[in-house]
Amino acid sequence: MSTAAKPRRARTKPSTDDRVALLREMLRIRRFEETCVQLYSTEKIRGFMHLCIGEEATAVGVMSALTKDDAVVGTYREHGQALARGMSMTTVLAEMFGKQTGCSRGRGGSMHLFDAALRFYGGNAIVGGGLPVAVGLALADRLRGQKRVTACVFGDGAFAEGEFHESANLAALWHLPVAFFCENNFYAMGTALAREHAQTDLAMRAASYGMVAWTADGMDVVAVADAARRAAEFIRAGEGPCFVELRTYRFRAHSMYDPDRYREKAEIEGWRHHDPIPALTATLRDDGALTDADLARFEKEIEAEIADAVAAAEAAPLEPVAELTRFVTSEHRSAP
Amino acid sequence: MSTAAKPRRARTKPSTDDRVALLREMLRIRRFEETCVQLYSTEKIRGFMHLCIGEEATAVGVMSALTKDDAVVGTYREHGQALARGMSMTTVLAEMFGKQTGCSRGRGGSMHLFDAALRFYGGNAIVGGGLPVAVGLALADRLRGQKRVTACVFGDGAFAEGEFHESANLAALWHLPVAFFCENNFYAMGTALAREHAQTDLAMRAASYGMVAWTADGMDVVAVADAARRAAEFIRAGEGPCFVELRTYRFRAHSMYDPDRYREKAEIEGWRHHDPIPALTATLRDDGALTDADLARFEKEIEAEIADAVAAAEAAPLEPVAELTRFVTSEHRSAP
Amino acid sequence: MTMTVSSPAPAPAVETATYREALRAAIREAMTRDDRVFLMGEDVGRYGGCFAVSMGLLEEFGPERIRDTPLSESAFVGAGIGAALGGLRPIVEIMTVNFSLLALDQILNNAATVLHMSGGQLNVPLVIRMTTGAGRQLAAQHSHSLEGWYAHIPGLRILAPATVADARGMLWPALADPDPVLIFENGGLYNSSGPLPADPATIDIERAAVRRPGDDVTIIAYGGTLATALTAADQLAAQGMSAEVIDLRVLRPLDDETLVGSVRRTHRAVIVDEGWRSGSLSAEISARLVEQAFYDLDAPVARVCSAEVPMPYARHLEQAALPQAADVVAAALQLAGRHG
Amino acid sequence: MTMTVSSPAPAPAVETATYREALRAAIREAMTRDDRVFLMGEDVGRYGGCFAVSMGLLEEFGPERIRDTPLSESAFVGAGIGAALGGLRPIVEIMTVNFSLLALDQILNNAATVLHMSGGQLNVPLVIRMTTGAGRQLAAQHSHSLEGWYAHIPGLRILAPATVADARGMLWPALADPDPVLIFENGGLYNSSGPLPADPATIDIERAAVRRPGDDVTIIAYGGTLATALTAADQLAAQGMSAEVIDLRVLRPLDDETLVGSVRRTHRAVIVDEGWRSGSLSAEISARLVEQAFYDLDAPVARVCSAEVPMPYARHLEQAALPQAADVVAAALQLAGRHG
Ligand SMILES: Cc1ncc(C[n+]2csc(CCOP(=O)(O)OP(=O)(O)O)c2C)c(N)n1
Ligand SMILES: Cc1ncc(C[n+]2csc(CCOP(=O)(O)OP(=O)(O)O)c2C)c(N)n1
Ligand SMILES: [Mg+2]
Ligand SMILES: [Mg+2]
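Residue numbers (this note's numbering), protein chains in the order written: chain A, -12 to 323; chain B, -12 to 323; chain C, 2 to 341; chain D, 2 to 341.
Calculated from the structure, these hints are not laboratory results. Keep in mind that a hint or two might mislead.
Stated by the list, open to error - Covered stretches of chain D (in silico footprint by chain B; criterion: 3 or more residues with CB under 8 angstroms from a CB of chain B, positions within the stretch not fixed):
| # | segment |
| --- | --- |
| 1 | 69 to 81 |
| 2 | 107 to 113 |
| 3 | 118 to 132 |
| 4 | 139 to 147 |
Said to hold, decoys possible - Non-contacting residues of chain B with respect to chain A, defined by C-beta distances greater than 12 angstroms in every case (computed):
| # | residue |
| --- | --- |
| 5 | K31 |
| 6 | E183 |
| 7 | A303 |
Built from N, CA and C at the ideal position, the CB exists for glycine as well.
Modelling step: build the complete structure from the supplied sequences, incorporating the hints.
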């Protein structure tokens, strides 16, 4: 599979500062995810947890191209998407601790992060379930004459669900301002891409719906950022929906339950050479844009941010059991 | 829409006798459908009824390429499919009368014709609902090492359902012996093809699943028969699934309930010039393969066959009400 | 949460209309009053709606707001959820409840769940309309009554207008609900006609309605079975048994107060439900009556439901499978007989 | 229709195993005995099954018979229907009942319906297995108990193995059934262990089982709630109340005889159901007990179900939403109290 990834150079390069910021954000997410592993082993976090270690460039690159008015529909592997979108580690971690201060007041957990203010619409654990919702958000913008982008992130496995087919056709048919970002990490749980799809060129297939579609190197955050920027510009220009396949790889198992028996160690090792963080670090070092001191500072800042988030989550109260049935229906009822 | 249809000549021509037989079968179905209109107006037939007048070439052409061991999964517009597959007018008409002698003992009606002996698996009124079933029939043949073809007929509207996407991928991924025949009559009820699909080249889209796919003139029974024969040969040769788009047109409304307000009369008239019956009649006349006497004989024979079927349906008993709950579960229970 | 004081009785009539016309008038009014409202579904536009409910609305409001969709139930229902999250007030039409199964994942796992799952951040002001019920010889893939399933889902409000007044008046308060509301239209009612209320906005979507007062037995029905219950009540009256007929109107949340209050007086209950008996809404109502009025019951709660068969096409079989007035009468008399 | 004489009690144990191992042994045995049997679903092969039920079977039977599918619930369930019509005996695994909604159209409109709709011509010998239930902090899209919906569908047989013996023994008779059978495996049971029957083929799929005899109250449970019911029975015994615990085992068709027979003796019933209370299977059982044993009941039928909320992630909230032994004890005592 791994050989199928065809890295593409981005056409334009963001500024040095931007690239440093992208690196720092990837580092931030990587360290956060590593902390989640520890917290899971000590049972502070429970349930299903899906990490994006190795895939940080997709979340960071995509979110870097969006404005605060844009909308995001994510997956259940969304810690990185949520953080890159601007959610605080505190609210995200508290949610995974099942605390009242969590973004979803402890009701959602790792797979169901939401932030209405940031227009981050989850956090959906039904594979493909977010696709029609993203189409609807874009439809609302179209009907209300708002020039906003809805970014819909989903995986190569979701591409096989009927929801993808129906949503892609609706978006193209109605010329909606939605950008489909497919995180192709070459596996759906233990099923390799070639066992999910007869035709594995996902961008080509997306194009057959009458959408502009292309592939970018999901292990190169600059390439992803560039692709996402082009996608957003394209949509803001009223050119309708588009599809970007981001070829990436998860270094860790699918979830904390996964023994990861279906991949060759060699394959995983091969992909580690494409790790988005060391790659960009080296480039920035060569460009003299990054010093060891900078890196050390980043690590220190991130370590502190994480420590604060963990402490806050630990200290946070639980939602009272009396609140269990709150939010099943809305509390404030207004005229339409 | 109509101009979108690109007639294609068949590569090989069936024998004169075969072409005469194809014509006679189309005529038989046309007259049967015309009779159904009368029987519906006198309320002998009730519920939803969908006629294939104008589309006879697709059913007749496809079935002409199948052997008795092959399987067929049809639609709710399946009178022609059922008759062309070999079901008798008597059992089909009795079913529409809701009589005990109907193929489904009156439980199915017009939309649910079945014949296990002919491997005619219905008669499905959930648009797209037959597609996964056809894939499964083909899977059974593959696992049991049987060199049989499963022909799956569905419409341009069904192509938009998620079931098509999932079924096409499964068939191609598993290399299954199923032929997808898409009756593209350019409308899904009142919705024109261009309002159902952003990309209206259905064969191209089917090909994107990794299947061989092409288009044939669904108004030319010889072209359909040839395409179906090639599809069947391809599948029997173990080449895996294939997809054939049959461009056709329904001369009548979607169902007996449909006021048909969404089509230009001119469009309908334009398509009438492609009526598969007069076209082939003229060719055969020119070839000296058909005389007025032959035609008159066909009409007489068909008229008699229909009259017998109507009389039999009229005379047939109703399923006793006491039998209502029969066949909810099987009566004969056997070891696996 | 309704737009005016809630009142189960329809307002005084000024004119009569068919159920279909009432639904159309309600959609037209909502689209006129609030430009965030739009209608989306298969063939709602050029075709005029598979049951002609939206006939003429395309010409009036245009293709953006009377939006024909491809055959993609899951996607256009999900798009309705997204559009609601995006600030609009979508009315999504699904042709029949049978096809709604293709969208059930979106309805349960997204529409009904996201408010709670997001800790109260995201509500979904979506209205979904669909046809339900049998009686028109449409056979097993077009005739089932599955609204009871939807009434099982926390987070949804389920409405079943049985009268022209409710068909006319329930849509606006449904659109006013910040959460998803499903409206089930029994296919047999579209051609029925009745009085139109002067002020449709006075129709509530909270309570059941007593359609006929009585003392000896409570007959509970909704949607397509209300007429059956009323016919049965007439026949029972002729036999000296006074039946109270309650129209549920709202299938979720159920109006226990009205139901229990009636049974406390009549001491007997018959529930008429077009769904398959086992696991139908009638079971929940029976269970609640027993939980809340056990000591007031003089006889077991009776249920008259559809036979547990895929709905057959043949008229005589279909009618035999459906709840009939005679069955309701027999059930009521048996309760009394067993009692007396 | 089972392969041997039907008997609700598990056969004498020879060894112990986990529920997961019992399911695996059952699949292995079926695949060995009948080459028409194959397993199909997401990650059943290389991954070993999302809950490790089919671990190792790929190596044993190969990829044709242990068949990984893409994420396409509707298509691979429909393909199971077609394969059954084509002469095979498919076992289709759906990861959880929550995702099964994507395949519900195929299950209801094709699998359950085609036999009747074809006038008895086409039966569908298909087995579908899926996980159900909460308790593992998987939140609102992975934790619901919707098996009650499937028990509403005519033409299906619904099984809920609660013991290792049933997990081991129900598959073979399910495959022997000429019609579709759905098997619901509560996710909390996979690691539970218990005795394996000497001859699994003696397990029937017809009748409920009395798991603990008693005289004062009948506690009816199934799948994941059986343990809750048994714990409650222990606690009730300590308080001098003798509870009979019945394991439904078969959710459709329900074994009224066993249920009614018990309640006729105990005069009280508590139903424990992990589904949302309104419209859950517990409602149907309550309605049937009232219809068939009203005059034997000394108190209303009580229901202990899940709170009507999308299942929350936080452990304390999830546990508060689920039926607990203490709730069952309280309900039973209240019935007695109200009675005495
Ligand atoms: C509808 C549905 N089917 C199955 C699952 C179980 N499941 C969770 S993640 C997953 C794999 C998804 O793969 P992909 O879309 O490629 O995303 P990735 O995990 O690789 O990021 C599966 C099968 C689910 N959550 N929802
Ligand atoms: C899942 C589903 N959605 C909607 C319908 C209602 N319906 C019946 S036929 C039809 C149009 C189908 O169009 P197409 O597939 O092109 O077949 P055609 O009628 O043109 O032969 C629709 C919308 C249905 N029966 N099933
Ligand atoms: Mg993936
Ligand atoms: Mg069509």
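These are the hints, each one checked on the structure:
Counting residues of the segment 69 to 81 of chain D whose C-beta sits closer than 8 angstroms to any C-beta of chain B gives 10, which meets the bar of three, so the coverage hint holds. Proximity of the segment 107 to 113 of chain D to chain B, defined as three or more residues with a beta carbon under 8 angstroms from a beta carbon of that chain, is established by the 3 residues found. Taking a C-beta to C-beta cut-off of 8 angstroms, the segment 118 to 132 of chain D contributes 8 residues in contact with chain B, enough for the three needed, and the coverage statement holds. For the segment 139 to 147 of chain D, the assignment as covered by chain B is violated, since 0 residues bring a beta-carbon within under 8 angstroms of that chain's beta-carbons and 3 are needed.
Here B:K31 stays apart from chain A, with its beta-carbon at least about 39 angstroms from theirs, past the 12 angstroms limit. With a least CB separation of 8 angstroms from chain A, B:E183 falls inside the 12 angstroms interface cut-off, contrary to its annotation. The claim that B:A303 lies off the interface holds: its Cβ sits roughly 41 angstroms from the closest Cβ of chain A, which is beyond the 12 angstroms cut-off.
Hint violations for this structure: numbers 4 and 6, all remaining hints satisfied.
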